[in-house]
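> Sequence:
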Amino acid sequence: MTTSVYAKLYAKAIFNIAVKKNEFRKWQCDLRTLACLSRDAILTGWLQDPTVDCEQKVKVITDRCPLLDPVATRIVCVLAKQGQLDILVDIAEGYRRLVDRYLGVEGVEDAEVISAIPLDNEDKLLIAQRLTEIFGKPIVLKPKVDPTIIGGLIIKIGDELIDGSIRGKLEALKRELVSG
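For the record, in the sequence shown the residue sitting at position 108 is 112 according to this note's numbering, with numbers rising by one throughout.
Because the hints were derived from the structure by calculation, they are not lab data.
Watch out, some of these pointers could steer you wrong.
As the list claims (entries may be wrong) - Pairs of lysine-lysine, DSS-like flavour, derived with a Cα cap of 27 Å:
#	residue 1	residue 2
1	K85	K63
2	K128	K63
3	K160	K146
4	K16	K178
5	K173	K12
6	K12	K30
7	K30	K128
8	K128	K141
9	K148	K128
Between the sequences and the hints, there should be enough to build the whole structure, so can you do that?
In structure tokens, the structure reads:
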């Protein structure tokens with residue numbers, strides 16, 4: 005199975021737990037926390053070390069995140085054992101989509117927004133509002149930073165790509181000049 009299939013399976017299982025216990029927000033917070041933990045290369049390397057026993061891993065996770073649900077902690081141990089901590093972000097995203105669908109917010113669209121420098125909150129809000137107007141549905145921004153675009157933005161929503169970057173404009177100009 006591919007990692008996206010595993011992520012969907014975990015997201016669905018966690019969603020079912022959240023439905024039974026009516027703990028949507030708690031699991032959303034736990035999964036965001038785990039996704040952040042998975043970005044710590046040193047910690048994930050240690051968690052995936054097969055010589056470290058699971059109880060030590062649980063202790064470290066609970067020390068760093070004392071409010072984390074014990075089931076969430078066990079999920080980290082299982083994923084670490086399988087060498088799949090990298091799917092925690094996908095699990096969190098899949099879970100969010102399931103909750104949105106369940107709560108009737110299915111029309112929400114994700115937009116990957118790539119900028120040369122980090123966007124401040126005001127810029128994010130303005131971009132989200134403008135994209136909501138353009139696409140006619142609520143937009144959730146997924147900001148990323150890529151200095152190689154030089155300036156401007158690249159926006160990916162579903163199958164659409166809007167390249168308003170300086171790099172994109174320079175490449176288009178280069179193609180135009182080369183083709184004569």
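> Each hint needs a verdict: does it hold in this structure or not?
Verification of the hints:
no.	hint	result
1	K85 - K63	holds (16 Å)
2	K128 - K63	violated (37 Å)
3	K160 - K146	holds (10 Å)
4	K16 - K178	violated (47 Å)
5	K173 - K12	violated (37 Å)
6	K12 - K30	holds (19 Å)
7	K30 - K128	holds (25 Å)
8	K128 - K141	holds (16 Å)
9	K148 - K128	holds (11 Å)
Hint violations for this structure: numbers 2, 4 and 5, all remaining hints satisfied.
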